[in-house]
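**Q** Sequence order for the protein chains is A and B. The opening residue of the first sequence carries number 1 in the numbering used here; numbering runs sequentially from there. The opening residue of the second sequence carries number 1 in the numbering used here; numbering runs sequentially from there.
What you were told as hints is all true, and nothing was included just to trick you.
Simulated DEER-style distance windows between Cβ atoms: (1) Ile-73(B) <-> Asn-101(A): 19 to 29 Å; (2) Gly-82(B) <-> Pro-2(A): 20 to 30 Å; (3) Glu-68(A) <-> Arg-31(B): 22 to 32 Å; (4) Val-13(B) <-> Asn-51(A): 40 to 50 Å; (5) Asn-22(B) <-> Ser-102(A): 20 to 30 Å; (6) Glu-1(B) <-> Asn-28(A): 28 to 38 Å; (7) Val-5(B) <-> Glu-56(A): 15 to 25 Å; (8) Gly-82(B) <-> Ser-66(A): 38 to 48 Å; (9) Met-15(A) <-> Glu-69(B): 45 to 55 Å; (10) Val-13(B) <-> Asn-74(A): 36 to 46 Å; (11) Thr-50(B) <-> Glu-53(A): 18 to 28 Å; (12) Asn-22(B) <-> Leu-84(A): 33 to 43 Å.
Beyond 12 Å from chain B on every Cβ pair, some chain A residues (computed): (13) Ile-20; (14) Lys-78; (15) Lys-83; (16) Val-114.
Keep in mind the hints are simulated off the structure, nothing from the lab. Note that the Cβ used here is the ideal one computed from N, Cα and C, for glycine as well.
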Amino acid sequence: EPEVTQTPSHQVTQMGQEVILRCVPISNHLYFYWYRQILGQKVEFLVSFYNNEISEKSEIFDDQFSVERPDGSNFTLKIRSTKLEDSAMYFCASRRDRPGNSPLHFGNGTRLTVT
Amino acid sequence: EDKVVQSPLSLVVHEGDTVTLNCSYEVTNFRSLLWYKQEKKAPTFLFMLTSSGIEKKSGRLSSILDKKELFSILNITATQTGDSAIYLCAGGGGADGLTFGKGTHLIIQP
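One chain only, chain A, in its complex shape:
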């Protein structure tokens, strides 16, 4: 069964550094997402992406964050100047159809540790 793949599985970085988290969504999916889960807390929506542009973003997704689909398969999340509070599990997700018509499928996540 096709799945969403994410790399790396674990990233350690120093405060103030930039990180790029990578994702390959399921190939026939059209809607792409990033979510994060701080340890012991809820899964939180960050951003959705459709037709090569951001369709929606949450309050968490400030100017420090950006997303890109550099080619036909990859979907990346860049965090500029990381802060300690950015430490979390970051999940990429995709869906085939528009919200409400098909479920969201998640990747295994990238655990980001900012020291």
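Dock chain B against the given chain A, drawing on the hints supplied.
**A** Using the frame of chain A, we list chain B on its own:
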């Protein structure tokens, strides 16, 4: 602000027991209610519910939605140790992103 509340937050039962997990929601322009199972990492999809009163089943798991009372339940019968996980409920509405609950941490003891 959209809100999803799950109960109980944790539950310990013995193998073979039946459990019912609860999810209530307040989601603007509600479209769907989703259940996920989270073991070590990724939430894995279980059910998506859009219509009231129609039970969805997958093996020992089943779920139903009540759009009038704004809640859903997830039932697991004849529980096994492999059912131990965090079960997440999420509401989808007019906004693109899902709103998740805190999850129910289910532990099945042998």
